[in-house]
Amino acid sequence: TARTNRLFHDSGGANSSCSESERDFQENAAGQREALGAHRHFVCYFISSVVDNRSSMQPHFTGCVSRNMETFVCRWSAGSFQNLSEPKDLRLFYFNRVLPGASENNWNECPHYSAERPDECFFNEDHTTIWTSYTVQLRSRDRAVLYDEISFSLEDLVQPDPPFGLNWTLLNGSLTGSHFNAMLSWRPPATADVETGWISLEYDAQYRQAGAERWEQAGLVRTTSCSLFGLQTNVNYEVRVRCKMLAGKDFGDFSDSVFIHIPFKVSRFPVMALLIFGALFLVAVLLLVIISQQEKLMFILLPPVPGPKIQGIDRNLLKARKLRELASILTGPPDLRPELYNDPWVEFIDLDIEESNDKLLDVDTGCLMDRSLSSPHSGVFRDDDSGRSSCCEPDLLSEASALPVHQEATTVEQSSAFVAAEGQEAAAYTQVGEVGLSGSLLLEKTTIKETNMEEKGKKQDGVLVNADQRDGSSEMKRLAELPECVAQLPAAPVYTVVEGVDIQNSLLLTPTPTPNPTGPKIPAMPDGYLTPDLLESVTP
Amino acid sequence: MQQKSEKKATGPRRRRRRNRLRTCRTDERTMAQRGISGGKLFITAVYLVAMCRAVPVNDLLDRASQRSDKMHSLSTLLTQEMDSHFPPYGRMQMPRPADCHTSGLLTPNDKEQALQVSESDLMSLARSLLRGWVDPLAVLSTNAITLPHPAKSSISSKIQELQEHSKSLADGLDILSSKMGPAAQAISILPYTGGTDLGQDRVTILNKFNFLLSCLRRDSHKIDSFLKVLRCRAAKLQPELC
Numbered sequence: 001t002a003r004t005n006r007l008f009h010d011s012g013g014a015n016s017s018c019s020e021s022e023r024d025f026q027e028n029a030a031g032q033r034e035a036l037g038a039h040r041h042f043v044c045y046f047i048s049s050v051v052d053n054r055s056s057m058q059p060h061f062t063g064c065v066s067r068n069m070e071t072f073v074c075r076w077s078a079g080s081f082q083n084l085s086e087p088k089d090l091r092l093f094y095f096n097r098v099l100p101g102a103s104e105n106n107w108n109e110c111p112h113y114s115a116e117r118p119d120e121c122f123f124n125e126d127h128t129t130i131w132t133s134y135t136v137q138l139r140s141r142d143r144a145v146l147y148d149e150i151s152f153s154l155e156d157l158v159q160p161d162p163p164f165g166l167n168w169t170l171l172n173g174s175l176t177g178s179h180f181n182a183m184l185s186w187r188p189p190a191t192a193d194v195e196t197g198w199i200s201l202e203y204d205a206q207y208r209q210a211g212a213e214r215w216e217q218a219g220l221v222r223t224t225s226c227s228l229f230g231l232q233t234n235v236n237y238e239v240r241v242r243c244k245m246l247a248g249k250d251f252g253d254f255s256d257s258v259f260i261h262i263p264f265k266v267s268r269f270p271v272m273a274l275l276i277f278g279a280l281f282l283v284a285v286l287l288l289v290i291i292s293q294q295e296k297l298m299f300i301l302l303p304p305v306p307g308p309k310i311q312g313i314d315r316n317l318l319k320a321r322k323l324r325e326l327a328s329i330l331t332g333p334p335d336l337r338p339e340l341y342n343d344p345w346v347e348f349i350d351l352d353i354e355e356s357n358d359k360l361l362d363v364d365t366g367c368l369m370d371r372s373l374s375s376p377h378s379g380v381f382r383d384d385d386s387g388r389s390s391c392c393e394p395d396l397l398s399e400a401s402a403l404p405v406h407q408e409a410t411t412v413e414q415s416s417a418f419v420a421a422e423g424q425e426a427a428a429y430t431q432v433g434e435v436g437l438s439g440s441l442l443l444e445k446t447t448i449k450e451t452n453m454e455e456k457g458k459k460q461d462g463v464l465v466n467a468d469q470r471d472g473s474s475e476m477k478r479l480a481e482l483p484e485c486v487a488q489l490p491a492a493p494v495y496t497v498v499e500g501v502d503i504q505n506s507l508l509l510t511p512t513p514t515p516n517p518t519g520p521k522i523p524a525m526p527d528g529y530l531t532p533d534l535l536e537s538v539t540p
Numbered sequence: 541m542q543q544k545s546e547k548k549a550t551g552p553r554r555r556r557r558r559n560r561l562r563t564c565r566t567d568e569r570t571m572a573q574r575g576i577s578g579g580k581l582f583i584t585a586v587y588l589v590a591m592c593r594a595v596p597v598n599d600l601l602d603r604a605s606q607r608s609d610k611m612h613s614l615s616t617l618l619t620q621e622m623d624s625h626f627p628p629y630g631r632m633q634m635p636r637p638a639d640c641h642t643s644g645l646l647t648p649n650d651k652e653q654a655l656q657v658s659e660s661d662l663m664s665l666a667r668s669l670l671r672g673w674v675d676p677l678a679v680l681s682t683n684a685i686t687l688p689h690p691a692k693s694s695i696s697s698k699i700q701e702l703q704e705h706s707k708s709l710a711d712g713l714d715i716l717s718s719k720m721g722p723a724a725q726a727i728s729i730l731p732y733t734g735g736t737d738l739g740q741d742r743v744t745i746l747n748k749f750n751f752l753l754s755c756l757r758r759d760s761h762k763i764d765s766f767l768k769v770l771r772c773r774a775a776k777l778q779p780e781l782c
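Chains as they are written, first to last, in the working numbering: chain S, 1 to 540; chain X, 541 to 782.
No lab work stands behind these hints: they were computed from the structure. Incorrect hints may have been included.
What the hints assert, rightly or not - PhoX-like mimics (lysine-lysine), calculated; alpha carbons at most 20 Å apart, straight line:
hint	chain 1	residue 1	chain 2	residue 2
1	X	Lys698	X	Lys748
2	X	Lys580	X	Lys698
3	X	Lys610	S	Lys244
4	X	Lys748	X	Lys580
5	X	Lys610	X	Lys748
6	X	Lys719	S	Lys249
7	S	Lys309	S	Lys319
8	S	Lys249	X	Lys698
9	X	Lys610	X	Lys580
To be verified - Ranges of calculated distance between the beta carbons of each label pair, as one might list FRET restraints:
hint	chain 1	residue 1	chain 2	residue 2	range
10	S	Gln232	X	Ala723	58 to 66 Å
11	X	Leu617	S	Gln217	37 to 45 Å
12	X	Ala691	S	Thr191	31 to 39 Å
13	X	Ser693	S	Arg141	28 to 36 Å
14	S	Arg141	X	Ala678	19 to 27 Å
15	X	Gln700	S	Ala144	32 to 40 Å
16	X	Gly739	S	Thr169	52 to 60 Å
17	S	Ala144	X	Gly739	52 to 60 Å
For glycine and all other residues, C-beta sits at the position ideal for the given N, C-alpha and C.
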């Protein structure tokens, strides 16, 4: 009852002494410097004795610790009472209901004062019970003075020994140039009986860089291993581990630190240098390629726009306005310019000029121009190939000219009659071989036998001689009876001059230049080409 | 669990196994329809697993031990929380062994005694303790809501969690004990006579509350230790568990 009354005693001093004793106990027993926060080191239940006169340096318990939940030790300190430093000056008495030989009035003394230290009492297995309440008192030698008293239960005192055998291994395949992972492993302390399940431990592994202040927690685990990830090579790491009972209050001591260090392996192959050199090499190769293939590249990238080009004519001539040279080039017969045949820019359109001429004659004999067809400005010949797919398709030509052929059947006979009157073997120049650019005609010699009506195409007669001829030849005179066409023809060229005879006995006719009644008088220019200054005078 | 893809039933033996699987699944379905909470689910799973005999006893003991771990952690946290805010009147004396309502149960006092107790007795002790704390936990729970303590909501929630854990653990141990023989089935009744009312004034209420929590912590540690010893004894083939 005396004790229960003291429950409600204002024990402010007792609080401080309890916390002080806790601090001392922390420093002595565990060597820990970390603040435990709200956690108590051990349950501090005690009854405040006559505290008012008690100073904080009175002999008191510094704490009790159990390493394995089978034994425990209690420690005290003499405080400022230095005259009590002798062993046995301070005695410990304990009471436990379960232990034999105990009674309320007769407390047992410490079963074993430890030999190493004068202020420690060791309770071995025989004197240790669990799940029972101990009350220990610190008394003077003569048991008269009670200095301190605490109560506890064994399971609250457990602070296991540090784990041993802390070791680290490199995790497979985790070592890159700059980082690696490690696996820590340890063994439970030898004093803790983990195999039978009597004590279950929880481990706290910590690591830090050598020289750092704060410890990082690697993990709070129940297994005896733990992994560290993302450690840097070439850095010294320090690891340590401690353990506590599962759901226990306090951790035990830390183990000795183990150092981890993996040197940074400088790769013999400097990757960066290789990359830079490779890039430079590529750039050099590219430059070489560009420079060597400059023209081709320029051609591909910037294809030249074909300028105005006339085959055989130097543009400089045009610029220099050397028109005489130009004219000589331009007016030359095309067959004297063989280079044209090899020029890809020049396209030759084959004209079946005999056909068109025959058709013309069949429609209206002697007519050079076909009124029903193309415009007056189209020239002497009719280009049936323009607009069609190929000139090598004679069917197109034959289809177009199918109808007129039948009409021309009769006229052909008439025309042939003219020629036949001269003689059976007379040569008839009925075929126009070619029409020159300046209007000159090349009449080709044909024999009478070729005038077969059934054969179309090339076997048609055609004479296209202007009625207005001055040269006297019998054939020409005969053919002069075609005056009616002339009046209809607007400005048809007059062929009066035979320039020459070809190798194949073809006549080369050149037209006489007709005066142009309309329009202003233009001074004689080479073949009618206007120079730009003349053009100004021409235009109104 | 065994795969259902054992369709190559070549003999009657295999067919029987398949029938058993089917029974287990129908049980599963009926239980699922009742809508069970987490704790119930654990127990149901344990029950079914025990029925289907697919999970060995070691695993069951492992799970029970984990649950008792949790219980003990919770009770430790509770006492710490109580102490942190305890009014500075003075500290209550350590409960004397006679004061806890479960002190009538004879439990081993040290390691040698504990290691000598048979498995059935250990199981019986654990179950008795669990059964004995059902009523006091209810009392604590009802009083925690009106506790004159700044952290009463946290304390109240922890006590409720404790109740759930205790219930599920008790059910699990019931299943386990059914495999261990009649000695394990015996339970000692530990009646709680403290009444539903903890006291009138603040100090009394707090002191009684604290006292009960200390007793609870001690008993949860007992249960935990017994189950761990059981587990390590049963796991002789798997020493990595212990």
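Status of the hints after comparison with the structure:
1. Lys698/X with Lys748/X: Between Lys698/X and Lys748/X the Cα gap is close to 18 Å, so the pair holds against 20 Å.
2. Lys580/X with Lys698/X: Holds. Lys580/X to Lys698/X sits at ~18 Å (cutoff 20 Å).
3. Lys610/X with Lys244/S: Given pair Lys610/X, Lys244/S holds - Cα atoms ~16 Å apart, limit 20 Å.
4. Lys748/X with Lys580/X: Given pair Lys748/X, Lys580/X is violated - Cα atoms ~31 Å apart, limit 20 Å.
5. Lys610/X with Lys748/X: 24 Å, violated
6. Lys719/X with Lys249/S: Roughly 35 Å between the alpha carbons, so the hint for Lys719/X and Lys249/S is violated.
7. Lys309/S with Lys319/S: 13 Å, holds
8. Lys249/S with Lys698/X: At roughly 18 Å apart (the allowed maximum being 20 Å), Lys698/X and Lys249/S satisfy the hint.
9. Lys610/X with Lys580/X: 16 Å, holds
10. Gln232/S with Ala723/X: 58 to 66 Å: Since Gln232/S and Ala723/X have Cβ atoms about 59 Å apart, the given range 58 to 66 Å holds.
11. Leu617/X with Gln217/S: 37 to 45 Å: Once the Cβ atoms are compared, 20 Å apart, the range 37 to 45 Å for Gln217/S and Leu617/X is violated.
12. Ala691/X with Thr191/S: 31 to 39 Å: With Cβ atoms ~36 Å apart, the hint holds.
13. Ser693/X with Arg141/S: 28 to 36 Å: The hinted range 28 to 36 Å is violated for Ser693/X and Arg141/S, with Cβ atoms some 52 Å apart.
14. Arg141/S with Ala678/X: 19 to 27 Å: 52 Å, violated
15. Gln700/X with Ala144/S: 32 to 40 Å: At roughly 51 Å between Cβ atoms, Ala144/S and Gln700/X fall outside 32 to 40 Å, so the hint is violated.
16. Gly739/X with Thr169/S: 52 to 60 Å: Holds: the Cβ-Cβ distance is about 59 Å, inside 52 to 60 Å.
17. Ala144/S with Gly739/X: 52 to 60 Å: Violated, since Ala144/S and Gly739/X (Cβ atoms, about 38 Å apart) do not stay within the stated range.
In the structure shown, a violation is registered for the earlier hints numbered 4, 5, 6, 11, 13, 14, 15 and 17, in ascending order.
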